[in-house]
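Enquirer: Now for the letters of each chain:
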Amino acid sequence: MVFHPYKLKKMQLELITEERTAQLRLVHHDGNQITIMVDDVLYTLDVVKVGKGNYSILLDGESYNLELVEGANSREYTINTFHKTFKVEVIDAETRYRRKKGSVNVGSDKTVRSPMPGKVIRILVSKGEQVVKGQTVIIVSAMKMESEFKATVDGVVTGIQVSEGDVVDTQQVLVVIE
Amino acid sequence: MIQKVLVANRGEIAVRIMRSCREMGISTVAVFSEVDRTAMHVRYANEAYCIGQAPSVESYLNIEKILEVAKKSGSDAIHPGYGFLSENAHFAERCQEEGIAFIGPSPYAIRTMGDKITARRTMIAAGIPVVPGTVDKITSEKEALSVIEEIGLPVMIKASAGGGGKGMRLVKEKSEILSALRAARSEAASAFGDDSVFIEKYIESPHHIEYQILADKQGHTVHLFERECSVQRRHQKVVEETPSPLMTPQKRIEMGLHAVAAAKAVDYFGAGTIEFIMDDNLNYYFLEMNTRLQVEHPITERVVGIDLVKAQIDIANEKPLPFSQEDLFQHGHAIECRIYAEDTDQNFMPNPGVIRHITEPYGTGIRCDGYVYEGYEIPIYYDSMITKLIVWGYNRQDAIDRMKRALYEYKITGVKTSIRFLKRIMDTEDFRSGHYNTHFIGNNKEFLFQKGECFGKCEDIALIATYLEYMSKAGRADNAEKSGSETSDTWRNSGRKYGISPL
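Which chain is which? The protein sequence lines are A and B, in order. Counted the way our numbering counts, the first sequence spans residues 1 to 178. Counted the way our numbering counts, the second sequence spans residues 1 to 503.
There could be a bad hint or two in this list.
Claimed, not checked - Sample of chain A residues at the chain B side, in silico, Cβ under 10 Å:
1) Thr85
2) Val88
3) Arg113
4) Thr158
Think of the hints as simulated: they come from the structure by calculation, not from any bench. Note that the Cβ used here is the ideal one computed from N, Cα and C, for glycine as well.
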């Protein structure tokens with residue numbers, strides 16, 4: 001599949017990695033040849049999309065292969081290079097608005113989530129119970145291994161969203177602590 | 001003669017067994033649990049039958065259901081693979097009763113080797129070295145001293161009722177014996193209400209070395225040399241190689257004789273593995289016998305040139321081994337890396353999910369024994385090993401270089417895998433020099449778990465790719481473009497639809 005840059009609008013985007021926030025702006029494109037500003041650095045590259053989420057990029061003759069995997073929403077990506085995995089979030093108007101309102105990340109510290117799909121083996125707390133940070137609240141089994149998930153804050157259990165024996169998905173909320 | 005084999009397993013090993021069957025003109029029957037309808041072994045087999053729900057006890061461990069399918073499908077043999085029912089003596093017996101060949105050893109051999117104490121006694125009687133120590137409880141200091149005198153320092157004093165490291169003391173110096181003994185006993189008394197202990201030789205820097213055995217029903221037993229399996233995490237093997245970099249030619253012959261004797265001691269037939277623990281001074285002790293095919297069997301196949309599954313089937317067909325010990329040689333060097341769906345940075349936490357993209361390595365000296373494909377969802381119920389990468393090289397250095405190249409080419413997205421971690425292992429000085437033992441991962445933590453290095457402008461390039469992907473997606477949405485934009489996947493999609501193996 002050949003990447004069609006003619007579809008691009010010359011537009012600025014803000015992208016966030018775990019380490020920094022960067023401004024990207026497309027300056028020029030001609031076939032596969034792309035000129036783009038990343039903060040104050042100007043890059044001229046040869047970019048071809050060679051498969052679903054698969055990019056081959058040549059920069060001054062050096063060859064880079066990247067794979068992009070779209071995350072939970074269309075603004076989050078995981079980018080695999082051979083040596084490193086990056087998590088990048090695109091900040092568009094909607095995200096910026098939500099950030100301003102402070103509605104992003106609210107509650108994320110107070111919920112216990114499963115980082116992987118699995119099956120709930122045991123729930124060690126009940127609603128209304130006082131828990132301390134670091135206390136194991138739930139055990140989830142995946143691929144023959146049991147993992148204990150702990151409270152991230154001191155507080156009271158206000159909600160248990162699953163039952164023992166339930167199959168849960170990645171990032172599903174298991175227990176809420178207030 | 002066996003015409004149709006039911007494979008009582010799933011995952012890569014089921015596919016691997018069926019491949020050999022296909023080469024031998026033997027028809028294959030898959031069994032599967034409700035969540036495995038889309039699994040590769042179901043698609044690869046000539047016939048496939050659902051045997052129950054996802055949890056193994058309701059499907060892959062359901063003996064009677066599997067036998068029912070075997071009879072219904074007219075299978076004349078069952079291959080158990082590894083894990084599940086492979087070391088279940090009762091299952092082997094039930095196969096016998098139903099007149100179905102069990103492709104494996106006798107129930108007697110499985111039972112004897114399956115019980116640690118019986119196995120230890122049997123090995124001592126056969127003259128095989130076992131880890132020196134006491135089997136009976138020790139209750140007096142005098143008794144303890146004489147035992148330690150006999151087996152030599154260092155020793156480990158362990159509470160008889162023990163567990164969780166309580167009542168355990170390592171003794172390296174003679175002067176420490178009494179105080180360690182008292183400490184262990186008092187700790188054991190308060191923790192378990194029983195102050196009796198037992199004493200075992202402590203193997204410093206242990207190496208895990210195992211021997212592949214093949215034996216026919218006519219009484220011929222050979223070994224196919226050793227495998228070094230000391231790279232382990234959570235007592236599970238991660239990398240295996242053969243020959244072992246630790247081994248000397250003389251030791252190889254000596255251990256081989258012991259391995260053959262160990263198998264003969266239980267009248268073994270079929271393929272099996274004798275596991276030894278070896279110290280830096282090449283003293284070795286019998287650990288256990290695995291009465292089945294091992295995960296890491298391909299490295300032996302590659303170096304010795306024998307298909308172990310075919311050999312197992314031939315033995316089950318009462319054929320004598322077509323070679324003797326003198327005919328067997330190790331040619332070159334082979335390494336296997338087990339690729340797990342796991343997060344190596346989060347204490348190797350399993351990471352099941354949907355495989356988004358997979359590119360396997362090709363080229364000289366490469367073998368991939370896997371079972372996942374693009375679009376396949378790895379279930380949460382079974383083992384996290386998704387594929388094995390086996391390479392062969394003219395010598396060890398060549399094999400390591402090739403493994404690094406193959407790991408570079410191996411790309412799996414959608415789930416986290418151990419591929420990068422394995423590449424780090426290949427770069428670790430202790431591994432490259434061949435000086436490693438079962439403490440390898442712990443000893444090399446800093447190097448193995450360092451944050452991924454980013455060469456050149458790779459972060460900026462990752463950002464650029466994200467920018468372009470996001471913008472082109474947005475553009476596509478605007479144009480309401482036809483779905484033809486992903487035509488390059490058509491072949492794969494039809495492959496998936498029509499069951500063409502992308503492996």
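Enquirer: Tell me if Thr85/A is really an interface residue toward chain B, meaning its C-beta lies closer than 10 Å to one of theirs.
Expert: This interface hint holds because 7 Å falls under the 10 Å limit.
Enquirer: Do the numbers back the hint for Val88/A, that is, is its least Cβ distance to chain B under 10 Å?
Expert: holds, 5 Å
Enquirer: The hint names Thr158/A as touching chain B; please verify it with the least Cβ-Cβ distance against 10 Å.
Expert: With a minimum Cβ separation of about 27 Å from chain B (threshold 10 Å), the hint on Thr158/A is violated.
Enquirer: Taking 10 Å as the limit, does the beta-carbon of Arg113/A come near enough to a beta-carbon in chain B?
Expert: violated, 13 Å
Checked against the numbered hints above, the structure breaks hints 3 and 4 and satisfies the rest.
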